[in-house]
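*Asks:* Residue numbers (this note's numbering), protein chains in the order written: chain A, 216 to 396; chain B, 93 to 305.
These are computed hints drawn from the structure, not numbers from a lab.
A few of these clues could be false.
Computed cross-link-like contacts, DSS-like style, restricted to lysine-lysine with a CA-CA straight-line distance of at most 27 Å [said to hold, decoys possible]:
{"no.": "1", "chain 1": "A", "residue 1": "Lys344", "chain 2": "B", "residue 2": "Lys105"}
{"no.": "2", "chain 1": "A", "residue 1": "Lys353", "chain 2": "A", "residue 2": "Lys388"}
{"no.": "3", "chain 1": "A", "residue 1": "Lys285", "chain 2": "A", "residue 2": "Lys344"}
{"no.": "4", "chain 1": "A", "residue 1": "Lys251", "chain 2": "A", "residue 2": "Lys285"}
{"no.": "5", "chain 1": "A", "residue 1": "Lys285", "chain 2": "B", "residue 2": "Lys279"}
{"no.": "6", "chain 1": "B", "residue 1": "Lys105", "chain 2": "B", "residue 2": "Lys200"}
{"no.": "7", "chain 1": "B", "residue 1": "Lys200", "chain 2": "A", "residue 2": "Lys285"}
{"no.": "8", "chain 1": "A", "residue 1": "Lys285", "chain 2": "A", "residue 2": "Lys228"}
{"no.": "9", "chain 1": "B", "residue 1": "Lys263", "chain 2": "B", "residue 2": "Lys282"}
{"no.": "10", "chain 1": "A", "residue 1": "Lys217", "chain 2": "A", "residue 2": "Lys228"}
{"no.": "11", "chain 1": "A", "residue 1": "Lys344", "chain 2": "B", "residue 2": "Lys279"}
{"no.": "12", "chain 1": "A", "residue 1": "Lys217", "chain 2": "B", "residue 2": "Lys200"}
{"no.": "13", "chain 1": "A", "residue 1": "Lys388", "chain 2": "B", "residue 2": "Lys199"}
{"no.": "14", "chain 1": "B", "residue 1": "Lys200", "chain 2": "A", "residue 2": "Lys388"}
{"no.": "15", "chain 1": "A", "residue 1": "Lys347", "chain 2": "B", "residue 2": "Lys279"}
{"no.": "16", "chain 1": "B", "residue 1": "Lys282", "chain 2": "A", "residue 2": "Lys347"}
{"no.": "17", "chain 1": "A", "residue 1": "Lys251", "chain 2": "A", "residue 2": "Lys228"}
{"no.": "18", "chain 1": "A", "residue 1": "Lys285", "chain 2": "A", "residue 2": "Lys217"}
{"no.": "19", "chain 1": "A", "residue 1": "Lys251", "chain 2": "A", "residue 2": "Lys217"}
{"no.": "20", "chain 1": "A", "residue 1": "Lys388", "chain 2": "A", "residue 2": "Lys347"}
Computed footprint of chain B on chain A, listed as stretches where at least three residues anywhere in the stretch have a Cβ under 8 Å from a Cβ of chain B [stated by the list, open to error]:
{"no.": "21", "stretch": "225-232"}
{"no.": "22", "stretch": "245-257"}
So the derived list for chain A, only partly shown, Cβ under 10 Å to chain B, looks like this [as the list claims (entries may be wrong)]:
{"no.": "23", "residue": "Pro242"}
{"no.": "24", "residue": "Ile336"}
{"no.": "25", "residue": "Ile385"}
{"no.": "26", "residue": "Ala394"}
{"no.": "27", "residue": "Ala395"}
Virtual Cβ for every residue (Gly too), placed ideally from N, Cα, C.
Read off the chains here:
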Amino acid sequence: MKELWDLFWTFAKMGAVTFGGGMAMLPILQREVVDKRHWTTEEEMVDYYAIGQCTPGIIAVNTATFVGQKRRGVAGGIVATLGLVFPSLVIITILAGLITNFSHLAWVQDAFAGIQVCVCILIFNAVLKLFKSSVVDKRTAAIFVAVLVGSVMLSLSPVWFVLISAAAGIALKTLEGRAAR
Amino acid sequence: MSVFLQLFWEFFKTGLFAIGGGMATLPFLQDIGETTGWYTYGELMNMLAVSESTPGPIGINMATYVGFTVGSAQGGPLLGVLGGVIATLGEVAPSIIVILIIAAMLKKFRDSRYVQMAFYGLRPASTGLIAAACVTVVLEVLTNVALLDPAGGSIVNGFQLPEGQGLFVWKGLALAAVLLVLTHGPKRVKDLHPIVFIALSAVVGVVFHFAGA
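Just need the whole structure built from these sequences, with the hints factored in.
*Replies:* Dropping the structure here:
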């Protein structure tokens with residue numbers, strides 16, 4: 216019980232102090248989980264992170280589930296994740312309530328109109344960064360363009376693009392393997 | 093179907109199919125707004141800005157915020173709290189399930205050829221989806237072009253050029269240009285936390301009346 220509480224509390228603290236999502240959390244995870252508490256080794260943490268990035272969901276949540284699972288099995292995985300999201304729930308709920316009450320004020324609307332411009336740039340920069348690591352050759356470039364155009368032109372759920380491109384990845388790599396042989 | 097059940101299901105799907113972290117959930121959140129009418133593009137942009145400026149993973153913050161918004165529309169802040177909790181749990185549930193399964197066979201998963209092959213296609217697709225979200229967001233924020241799609245998300249039904257107002261939102265474009273330069277500028281500037289740029293943009297918005305009223 217004590218260890219479950221430790222897991223919850225440790226990840227809650229990390230959720231409360233990291234700004235900017237999964238990547239920003241890695242150094243803090245290394246300090247708290249590897250160096251201070253010795254819950255995992257450095258190598259395990261790197262593995263968790265690598266897998267957390269390429270599996271569904273939020274990277275930080277995936278890593279928290281991994282660490283919790285290693286300590287206390289299924290219950291540990293769930294408790295660590297709940298700890299991680301707990302501060303978000305509290306902080307965002309309070310802020311959302313406040314913003315709803317002030318959203319009719321002219322200056323608040325002006326501020327958010329300015330912020331929306333900034334959000335455009337932040338999304339654009341995120342795309343640039345991801346582009347460099349995910350579009351590595353002509354075929355991945357073709358997938359990128361096809362999904363971009365398809366998603367802008369069609370009212371199709373993103374789920375379909377994910378499923379089709381996973382299948383395309385397997386098909387392309389299989390063909391490549393055959394050609395090499 | 094109860095709104096809260098639907099909320100859980102929509103975020104469960106988001107958590108299951110959004111690959112590559114918080115920003116990867118954005119195209120799914122757009123899609124949810126379009127198909128359910130729970131919130132508009134503008135509202136989603138505001139939620140994203142708040143989520144980037146507060147502690148915690150961005151994807152979780154957005155899930156909580158969207159859930160709160162949907163819940164409180166059902167009848168007040170208490171249902172809002174419930175909505176926030178339900179959306180967040182929906183988003184993390186697939187992660188927990190998938191990771192617990194993978195943890196049980198960690199080595200096999202890491203070395204699986206099929207997993208690596210699938211991700212060869214998945215990574216550029218995820219980037220493409222976020223890029224598409226970026227295009228619609230830019231249309232929405234920096235131009236006066238109105239999409240004719242009733243849901244607002246795609247240009248499948250064409251679009252309408254503005255009447256009596258310019259094509260571009262010039263004040264917004266000017267700020268966007270400045271931000272673009274700053275975020276690609278000298279290392280000391282570009283490595284600043286996004287909250288700095290968000291705060292700067294809020295001040296500029298207030299000073300130059302960006303809402304245009």
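*Asks:* Are the hints correct? Go through all of them and say.
*Replies:* Evaluated hints:
1. A:Lys344 / B:Lys105: 25 Å, holds
2. A:Lys353 / A:Lys388: Between A:Lys353 and A:Lys388 the Cα gap is close to 13 Å, so the pair holds against 27 Å.
3. A:Lys285 / A:Lys344: 32 Å, violated
4. A:Lys251 / A:Lys285: 16 Å, holds
5. A:Lys285 / B:Lys279: 38 Å, violated
6. B:Lys105 / B:Lys200: 25 Å, holds
7. B:Lys200 / A:Lys285: 17 Å, holds
8. A:Lys285 / A:Lys228: 19 Å, holds
9. B:Lys263 / B:Lys282: 22 Å, holds
10. A:Lys217 / A:Lys228: Holds. A:Lys217 to A:Lys228 sits at ~16 Å (cutoff 27 Å).
11. A:Lys344 / B:Lys279: Between A:Lys344 and B:Lys279 the Cα gap is close to 15 Å, so the pair holds against 27 Å.
12. A:Lys217 / B:Lys200: 32 Å, violated
13. A:Lys388 / B:Lys199: It holds: about 21 Å lies between the C-alpha atoms, which stays within 27 Å.
14. B:Lys200 / A:Lys388: This hinted pair holds, its Cα atoms lying about 19 Å apart.
15. A:Lys347 / B:Lys279: 19 Å, holds
16. B:Lys282 / A:Lys347: 18 Å, holds
17. A:Lys251 / A:Lys228: With a Cα-Cα distance of about 14 Å, the restraint between A:Lys251 and A:Lys228 holds, given a limit of 27 Å.
18. A:Lys285 / A:Lys217: Holds, at about 16 Å.
19. A:Lys251 / A:Lys217: 17 Å, holds
20. A:Lys388 / A:Lys347: Judged against 27 Å, a Cα distance of about 20 Å means the pair holds.
21. 225-232: holds (count 3)
22. 245-257: Result for this restraint: violated, n = 0.
23. Pro242: Violated, about 14 Å.
24. Ile336: 4 Å, holds
25. Ile385: This hint holds: A:Ile385 lies near chain B, its Cβ roughly 4 Å from the closest one there, short of 10 Å.
26. Ala394: 14 Å, violated
27. Ala395: Since the shortest Cβ distance to chain B is 14 Å, the answer is violated.
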